[in-house]
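Sequences listed follow chains A and B, in order.
Using the working numbering, the first residue of the first sequence is number 1, and each one after it goes up by one.
Using the working numbering, the first residue of the second sequence is number 1001, and each one after it goes up by one.
The hints are simulated quantities; they were obtained by calculation from the structure and are not laboratory data.
Note that the structure is predicted; figures quoted are calculated from it, not measured.
Glycine included, each C-beta is placed from N, C-alpha and C at the ideal position.
Heads up, a few of these hints could be off.
[As the list claims (entries may be wrong)] A partial selection of chain A residues facing chain B, derived with a Cβ cut-off under 10 Å:
(1) Gly23
(2) Asn35
(3) Glu70
(4) Met72
(5) Leu75
(6) Leu93
(7) Gly127
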Amino acid sequence: METNKKMCLALFTGSVDKLTAAGVILSGAAADDMNVDIYVLLQGARAFRKDIADDASKLNMSENPEMKDEFMESLKKLNVKTWLEFFSEAKSLTNVKVHICGLAGKVWGADKLEQFVDIADDIVGIGEYITAAQEADVNLFI
Amino acid sequence: MTTNELQAIEVNKSVDARGTSCPGPLLAAKKAMGEINSGDVLEVLSSDEGTKKDIPKWATKKGHEYLGTVEESGFFKIYVKKG
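For reference, chain B alone in the conformation it holds in the complex (with noise of 0.2 Å):
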């Protein structure tokens, strides 16, 4: 999805994982995850550089979609839909 289409999605969860690091926005995220339902589109705000390849993977990988990442000044919000 493009950053257009990105900060235009309707965002069921939100959690802010800013100012921890890894594994700390995984792990939030892995938590949000358990509390929204299938389809549902989870944003995870983090300042941590690692986390910009990890949650993309460990997503893909748990059955979710990746929909992007939106980077803004000194962290960035990553898309996931629930699988």
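Only chain A is shown next, with the shape it has when bound in the complex (with noise of 0.2 Å):
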């Protein structure tokens, strides 16, 4: 069996479409008992405010924003869990960390870790992201 691989995501988007989309490929992550470290960037750091994880209604799509009702309810009618659920679940079985950028979070009015869903590891600065990054078998920008 060989070891474990890394991952890292720059995870950019506040968007429920491919904040869905990320927690589908992190699950996958988790079944290969991948480690993953997650950089919340600029729009990202919105959506992972206590405040506004959990509710859709505060999210967008970043495609066909349109269809944004028929897509929810889709989800909903499929059995997919929520972005947020993804991700929980992802970290429960594998190491996951999620690192929100401190310039991303003071953007959208958050700079403690407190104010953030409590999946959110720490607070950091791009260095640690480019050194994740540079040590990664998997790189992923979202």
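Make one complex out of these two single chains by using the hints.
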């Protein structure tokens, strides 16, 4: 059996459709026991705010915005978890660390860790992202 | 293994992931695998088409033995022996 591979995810998006896709990818990484570092950048930090994350009505769609209701309805019908549930479940199954970019937090009026959802581990600078990206086997920007 | 052999196999754990979509069945398999011992057989019930390819590949990659898949009406059963 091979050793656990590393994934580095630069998560720029704060849109519910892309966050859901990121959640599905994270689930695959969790099934594969990957070590995952997520760096939450600009728009992403807004979605990770405690008062926003769980409320899809506060998040937009990156594509086909006029079909958001249909999209959300369809996910529900198919028994698909919310993006936050995907992230939390992945974190419970494998080593997932969620790092919030300090600048991004401030842009959205949140500079303390406790203003973000519980799965957020720390607030960091971009240097950490670069190091993690250099060391990762899989690099993604969503 | 043949369908007859698979149907006769002794299953140590069975998870019903029918009604969930990808990545539901894969994660159900991953969780269940953590609860059984090496050499035990896991049965996964799924109605998600992608699972048919996904679980065998995942199982082999993770050092388990994929035993086979049995088609039922509207779903299928995948058998994996834990490595």
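Hints, one by one, checked against the model:
For glycine 23 of chain A, the interface hint holds, the least distance from its beta-carbon to any beta-carbon of chain B being 9 Å, beneath 10 Å. For asparagine 35 of chain A, the interface hint is violated, since its Cβ never comes within 10 Å of a Cβ in chain B; the closest pair sits about 15 Å apart. Hint status for glutamate 70 of chain A: violated, given a least beta-carbon distance of 16 Å to chain B, over 10 Å. Because the closest C-beta pair between methionine 72 of chain A and chain B is about 15 Å apart, greater than 10 Å, the hint is violated.
A least Cβ separation of about 9 Å between leucine 75 of chain A and chain B falls short of the 10 Å threshold, and the interface hint therefore holds. Taking 10 Å as the C-beta contact cut-off toward chain B, the hint placing leucine 93 of chain A at the interface holds, the least distance being around 7 Å. About 32 Å separates the beta-carbon of glycine 127 of chain A from the nearest beta-carbon of chain B, more than 10 Å, and the hint is not met.
Of the numbered hints stated above, those contradicted by the structure are hints 2, 3, 4, 7, listed in ascending order.
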